[in-house]
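Asker: Read off the chains here:
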Amino acid sequence: MKLYDIAHSRTGDKGNTSTISLIPYKEADFALIKKYVTDEAVAKWFAPLGPIKVTRYEFFKVPALNFVIENALGGGVTHSLNIDRHGKSYSSALLEMAIPDK
Amino acid sequence: MKKIRIGSGAGYADDRIEPAIDLINRGNLDYICFECLAERTIAIAQNQKLADPNAGYNDLLEYRFKKILPAIKAHPTKVITNMGAANPVAATKKIVEMAAAYGIHHLKIATVSGDDITDQTSNYGANKMMEDHQPLSSLNRKVISANAYLGARAIVEALNQGADIVVTGRVADPSLFMAPLIHEFGWDFADYDKLGKGTLLGHLLECAGQVSGGYFADPGYKDVENLWNLGFPFADVTDEGDITLHKLPDTGGLLSTDTVKEQLIYEIQDPTKYYTPDVIADFSNVQVEPAKDGDGIHVMGATGRAKTGDLKVSVGYEDGYITEGGINYGGHNAFNKAKLATEIVRKRLQLLKVPVDAFKEDYIGADSLYHGVLPVPEHVSEIRARIAARTSSLAAAKEVVREVKSLYTNGPSAGGGVRTITQKIVAIASITVPENDIRTHVDYEEVK
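Chains as they are written, first to last, in the numbering used here: chain A, 1 to 102; chain B, 103 to 550.
Keep in mind that the hints were calculated from the coordinates and are not lab data. Any given hint could turn out to be false.
[Said to hold, decoys possible] Using C-beta positions, here's what the derived DEER-type ranges look like:
id	chain 1	residue 1	chain 2	residue 2	range
1	B	K230	A	K88	49 to 57 Å
2	B	S483	A	K102	47 to 55 Å
3	B	D221	A	K53	45 to 53 Å
[Claimed, not checked] Restricting the straight-line Cα-Cα distance to at most 16 Å, the calculated cross-link-like pairs of lysine to aspartate or glutamate (EDC-like) are:
id	chain 1	residue 1	chain 2	residue 2
4	A	K26	A	D5
5	A	K88	B	E369
6	B	K462	A	D84
7	A	K53	B	E484
8	B	K375	A	E58
9	B	K105	B	D338
10	B	K169	B	D124
11	B	K409	B	D290
12	A	K14	B	D234
13	B	K441	B	E484
14	B	K195	B	E164
15	A	K53	B	E233
16	A	K102	A	D84
17	A	K61	B	E391
18	A	K88	B	E342
19	B	K526	B	D372
20	A	K26	B	D360
21	A	K14	B	E141
22	B	K324	A	D39
23	B	K105	B	D320
24	B	K210	B	D221
25	A	K14	B	E164
26	B	K104	B	D372
Note that CB positions come from ideal geometry on N, CA and C, so glycine has one too.
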């Protein structure tokens, strides 16, 4: 299944860093997401963006994950030649990732 | 238990005014805060101030206050806003003028200044820029502005002195919303757990409609009713820092645990360390639940610890030009025509030796957002070739524009819809400076 079947997401930005949340619709799916959507998996998924660095953080009681992706915005909001300078659409790309259903 | 009600009147510089006026009229608010200052806005405003000493505040200040002033006369609500941008003193002068013209009396307006340290940047040449860890002195560009992110303290002072409207320049967004809590509840500036909760309130409200159904809809997955009539949020906050979020009845949008969760995490990095001038807030154990009485969304569990003692400073500088241009192709072989078009522009610029610092080709409709993260289709029925180039000079930018326009008569067949835009770029570098270096002050004007 794809992440968009069980979770939603919003992207933010700071300089050349993209922050992408991953929030399960149902709390019961959090364990599955936590198991498969590791920082390594997200780094591999977004590898075409270039030499990025991914750190995963957890909101324990929401519950949800937060991915901080450094060097992801083509030099940053004020410098980038990207059409989406803020990387706002990256959340949709993360939700396209497929994971096993158990 | 004391409780106050704070509304969010704007989430960005050009935000709508109608939802804010609706909140003042029907929300029974104690305060409304307008957050209108993006990172670069103040640098652009600084240029306007240089050209005209009475300019440099938010472009929509008059447009907004024309509606805000009569509304707060009918429904007394205190207003806190960073619409002062690069010139809060001139912004206040304008509001005073308008209030007098509308016959609105007994209004005390406070101006918070001191964030502007543009003339002191030479003192901080050795300070490292957060973006590339190089000293500020290595920037080698024309600096336009330098503004420190102030905390809540000066706004609290203004409220303690009885201000009805507080106008600021650069203030950390959450601090705008937290200031009334400190003023009303007498929170101590060293009670960091409380400041963590106040920061959470500010973080949730600072993007206005983004917590009440804006930027959330995904038809069939996350449906939002009447998004066209999006209502802005307000919160009831107790003296213990418990937050219940609401929006007005008969407005569009959606306030749910899901919308609040998205905004809670929005633009956070490490949730245990959310830095503001007032506190290091910890949102990692925040809980989001429907309120027990079924009315609104209850948010609790933020904590905090001592601030760093440093303030972030945004330094705005000139960074050349970015030119973007595009042309559309459709039908049979559209994608290949688009690729031929970008190739032609790239080769022409090389041939003419146009000094281009960076160049990018995108295919809107097939491959423009994800740089290959998602699969690219082989064929599409229509597509837009996009070219973007960064140049140091305007002359070079104009050459890029000419080559894109030449795709009409000199490019592939059946291209249409050429548009180009060239923007002078104001970039931002961030440093930190000791808070003791920054002298804030509050001035008052009264409309008697």
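Asker: Each hint should be assessed against the structure and marked as holding or not.
Answerer: Structure-based check of all given hints:
In this structure the supplied range 49 to 57 Å is violated for K230/B paired with K88/A, their Cβ-Cβ distance being about 28 Å. With their beta carbons about 39 Å apart, S483/B and K102/A fall outside the hinted range of 47 to 55 Å. In this structure, D221/B and K53/A break the distance hint of 45 to 53 Å, their C-beta atoms being roughly 37 Å apart. In summary, the hint linking K26/A to D5/A is supported, as the alpha carbons are separated by about 11 Å, within the 16 Å threshold.
At most 16 Å may separate the alpha-carbon atoms for a hinted pair to count; K88/A and E369/B meet this at roughly 11 Å. Taking the CA atoms of K462/B and D84/A, the gap is near 13 Å; set against the 16 Å cutoff, the hint holds. Restraint check for K53/A and E484/B: the C-alpha separation of about 35 Å exceeds 16 Å, so the hint is violated. Distance restraint check for K375/B and E58/A: the Cα-Cα separation of roughly 12 Å lies within the 16 Å cut-off, and the hinted pair is therefore satisfied.
Annotation: proposed proximity of K105/B to D338/B holds, straight-line Cα distance about 7 Å (limit 16 Å). Between K169/B and D124/B, the direct Cα distance comes to roughly 11 Å. Compliance with the 16 Å bound is thereby established for this hinted pair. Only pairs whose Cα atoms come within 16 Å are accepted, and K409/B paired with D290/B is accepted, the gap being roughly 13 Å. At roughly 13 Å between alpha-carbon atoms, K14/A and D234/B fall within 16 Å of each other, so this suggested pair holds.
For the proposed pair K441/B and E484/B, the alpha carbon gap of about 13 Å is at most 16 Å, so the pair holds. For a cut-off of 16 Å, the pair hint linking K195/B to E164/B stands: about 11 Å separates their Cα positions. With a CA separation close to 15 Å, the supplied pair K53/A and E233/B stays within the 16 Å bound. The straight-line distance between the Cα atoms of K102/A and D84/A is roughly 34 Å, outside the 16 Å bound, and the hint therefore fails.
In summary, the hint linking K61/A to E391/B is supported, as the alpha carbons are separated by about 10 Å, within the 16 Å threshold. This hinted pair does not check out: K88/A and E342/B have alpha carbons roughly 35 Å apart, beyond 16 Å. Restraint check for K526/B and D372/B: not satisfied, since their Cα atoms lie roughly 34 Å apart, outside the 16 Å limit. Between K26/A and D360/B the alpha-carbon distance is near 10 Å, which keeps this suggested pair within the 16 Å criterion.
For the hint linking K14/A to E141/B, the alpha-carbon distance of about 10 Å falls within 16 Å, and the restraint holds. A hinted pair counts as satisfied when its Cα atoms are at most 16 Å apart, and K324/B with D39/A does not qualify at roughly 26 Å. Distance restraint check for K105/B and D320/B: the Cα-Cα separation of roughly 35 Å exceeds the 16 Å cut-off, and the hinted pair is therefore not satisfied. The hinted pair formed by K210/B and D221/B fails the criterion: a straight-line CA distance of about 30 Å is larger than 16 Å.
At roughly 30 Å between alpha-carbon atoms, K14/A and E164/B are farther apart than 16 Å, so this suggested pair is violated. The hinted pair formed by K104/B and D372/B fails the criterion: a straight-line CA distance of about 32 Å is larger than 16 Å.
When held up to the earlier numbered hints, the structure conflicts with 1, 2, 3, 7, 16, 18, 19, 22, 23, 24, 25, 26 and fits the remainder.
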